[in-house]
Amino acid sequence: MALEQTDVEKIAQLAALKLNESDLAESTVMLNNILQLVDRMQAVDTNGIEPLAHPLEATQRLRPDMVTEENHRDEYQKIAPSVSDGLYLVPKVID
Amino acid sequence: MMHQLTLSEISKALIAKEFSSVEITQYLLERIKQLDPQLNSFITITESLAMEQAKAADERRAQGKYHELLGVPIAHKDLFCTQGVRTSCGSKMLDNFIAPYNATVVQKLINAGCVTLGKTNLDEFAMGSSNESSYYGPVKNPWDQTRVPGGSSGGAAAAVAARLTPASTGTDTGGSIRQPAAFNGVTGIKPTYGRVSRWGMIAYASSLDQGGPIARTAEDCALLLLAIAGFDQKDSTCVNEPVPDYYTFLDKKLTGLKVGLPKEFFSQGLDSRIASLIDNAVKELQKLGAEVKEISLTNMEQAIPAYYVIAPAEASSNLSRFDGARFGYRCDNPKDLQDMYTRSRTEGFGAEVRRRILVGTYALSAGYYDAYYLQAQKIRRLIKNDFVRAFNEVDVIFCPTTPNPAWKLGEKVGDPVAQYLEDVYTITANLAGLPALSMPIGFADGLPVGGQLLAPYFEEGRLLNVAHQYQQVTDWHRQVPTGF
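Taken in sequence, the protein lines are chains A and B.
Position 57 (the first sequence) corresponds to 127 in our numbering; numbering is contiguous.
Position 333 (the second sequence) corresponds to 335 in our numbering; numbering is contiguous.
Bound conformation, chain A alone (with noise of 0.2 Å):
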C-alpha cells in the first residue's frame, strides 16, 4: 500500500518533524522507495518463528533496587546553556 502525503504529514507529525510543501513530495516519493524495498521480506513465510531481540538470547540484567548514582550535578551543569543556583534555565514556551 502506498502512502499518500496526507499520511507522510502525519507520520512527520508523530515524529515531532515538520515538513514543508517540496520536503513532503520529495519525502512521499522516498518513503515510498524505501518501502518498497522493505515490503519483500512479507513474501517469508515466518509462522511459529520466534523474532530475535537479541543474538545472543540475553535477557535484561537487573540489579538490586539500590540508588548507585553519583551526583554527577555540577559536571552536568557545566554544559548547560543557562543554569541559576543549580537549576537549569529554560525559554519560556508556557504563557
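In case anyone wonders, no lab produced these hints; they're calculated from the structure.
Be aware that one or more of the hints could be misleading.
[To be verified] Below, a sample of chain A positions facing chain B; criterion: calculated Cβ distance under 7 Å:
#1 107
#2 125
#3 132
[Stated by the list, open to error] Calculated lysine-lysine pairs in the BS3-like style (CA-CA distance at most 27 Å, straight line):
#4 A:148 with A:162
#5 B:14 with A:88
#6 A:148 with B:236
#7 B:236 with A:88
#8 A:80 with B:236
#9 A:80 with B:337
#10 A:148 with B:110
Glycine is no exception: its CB is placed at the ideal position from the N, C-alpha and C atoms.
Following the hints, put chain B in place on chain A, whose structure we already have.
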C-alpha cells in the same frame, strides 16, 4: 617517516625508546593539520589534550609502567563520548555538546595509556554508507579524492589509510567499520554483539550497534580489541564472557581450517573485478592450508529489508531524546512547547536522519508493528539460524565486504535505496550479532577492495588469526595512497 609505522611498530619503538610519545604525537598532529584539510577526516583535533596525555604516558614509562598501548596515539570516531571534548555525532544537533564523561571504550584506552589525537568524521548519527551525511561535510577517499570513503566510520578509515593516525575506534551497525575499511584499504573488525561495551557510544540502533577498531593490520586490531573488549556493568546488553588474549591467536597455522564460501554472496550484482580478487584471496588461503567449501545461507536476500526496518525503528526511538529541551540544538524563539520540539528536531537533524526517523516511526506505528518490526525480528532469527547451520560445517565464512568499490562523491546522494543496497554483504553479521572482519585483498582500477571474514560468536581470535596469516603472505595492507 614515523607515520608509516603501524600501531604495533609504534608500540615497539616506544618500548625500545627509539622516540617518545610526545615526539610521535607532535609529529602526527602536525601531519593532521597539514594534510587533513584535503580529506576532512577529523571533526575535532584535540591538540592540547593529546600533548598532556603524551607527556603523562612518557612519565609513566619513565616510572617503569608498562602496557603495549602506553603512549600510542589513536583517534576516536566522533560518536564515542569524550570527557571535556565536543562529541558531535556528525550532527548539527550535537554541535555544541561537550560530553561530561568518557565512553567505556574511550576510558579503557585512556587507562591503557593511549593518546587521543582527535575525533573522526562520520555520517550523521552513523546513518550512511558514504560519509556524505555529516554536518561537517563529506570525507574524501585518500585513494581518489573524487570518491567516497564509505560510511559511517569513513573519517576513521580515511585517517588511518592516509597515515594521519595508526588507528581509530569505529562503530558498526550495518557495516560501518567493515565497508569503510574495505574502501580505504585498511583492516577493521566488528566484534560479537555485546563483546564491547556500548556505554557512552551514542546509540543509533541499539540491538545492532557494536564498537570496534579500525587499523592497518589484523595485529593492530588484536591489540586494540584486547584493550576494549569485556564486560561492563553500565551496559545492560554487554555480555559477561572472559576475554582471551587475541594476540596469542595470530601465529596459529591455517592448516585444516574450513573456509565456507556462501554461494548467495557471489551472485549477480557483484563487481566482476571484486569476484576475481576474492578468487585470488581464496587461493592464498588454500596455499596457507585452508580447505574451501561452498555453503548456502538461504535467507540472505531478506537481510536488507529486515535491516531497513529494524535500524530505523530503533533509531526513531533512540533519537526521540533530541527534542531541544535537555541538551543539544534548540531552535530560536519557540512559540510553544510543541513548536520547540518540532523546530529543534527539524532544524537539528539532516535529511538522511529525518528520513530514517520517518521510516522508523511508520514501522512502529499502531497497526504496522506486526507487519514490519515483528516480521523483521523473525527474519532476523532465520538469518541467525542459517549461520548456526553453516558454522556446523565450516570454521569461518569468507566473502566480499562490498559489492562495488568506492563510488563517486554525490553519485548516490539522491537515491537512498541504491545506497542501502551497497550494505548487502555486511548487514547479515549485525542482524545475527556475529563477529566479522574486513581486510584488504587487492585493488580494482586503483581503488582498494576488501574481503570479509565471519566467525561464530566470540571467535574474534579466529578472524584475527586468518587475517594476520593472510597479511603475512600478501602486501595489500602495506600499500599507501599517493600523496600520503
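Please work out if residue 148 (chain A) and residue 162 (chain A) have their alpha carbons no farther apart than 27 Å. 21 Å, holds
Tell me if the interface restraint on residue 132 (chain A) is satisfied: Cβ within less than 7 Å of some Cβ in chain B. Nearest chain B Cβ about 9 Å off; hint violated.
Is it true that the CA of residue 236 (chain B) sits at most 27 Å from the CA of residue 88 (chain A)? 35 Å, violated
Satisfaction of the residue 125 (chain A) interface hint, Cβ to chain B closer than 7 Å: Given a least distance of 2 Å, the restraint on residue 125 (chain A) holds.
Holds or violated: are the alpha carbons of residue 80 (chain A) and residue 236 (chain B) at most 27 Å from each other? Distance ~37 Å between residue 80 (chain A) and residue 236 (chain B) Cα, so the pair is violated.
Does residue 14 (chain B) pair with residue 88 (chain A) here, judged by a C-alpha cut-off of 27 Å? 55 Å, violated
Next pair to validate is residue 80 (chain A) with residue 337 (chain B); report whether the Cα-Cα distance is within 27 Å. 21 Å, holds
Does residue 110 (chain B) sit within 27 Å of residue 148 (chain A), going by the straight-line distance between their CA atoms? Distance ~24 Å between residue 148 (chain A) and residue 110 (chain B) Cα, so the pair holds.
Would the pair residue 148 (chain A) and residue 236 (chain B) pass a check requiring their Cα atoms to be no farther apart than 27 Å? 23 Å, holds
Restraint satisfaction for residue 107 (chain A) [CB to CB of chain B, less than 7 Å]: 5 Å, holds
Of the hints listed earlier, those the structure fails to meet are numbers 3, 5, 7, 8, in rising order.
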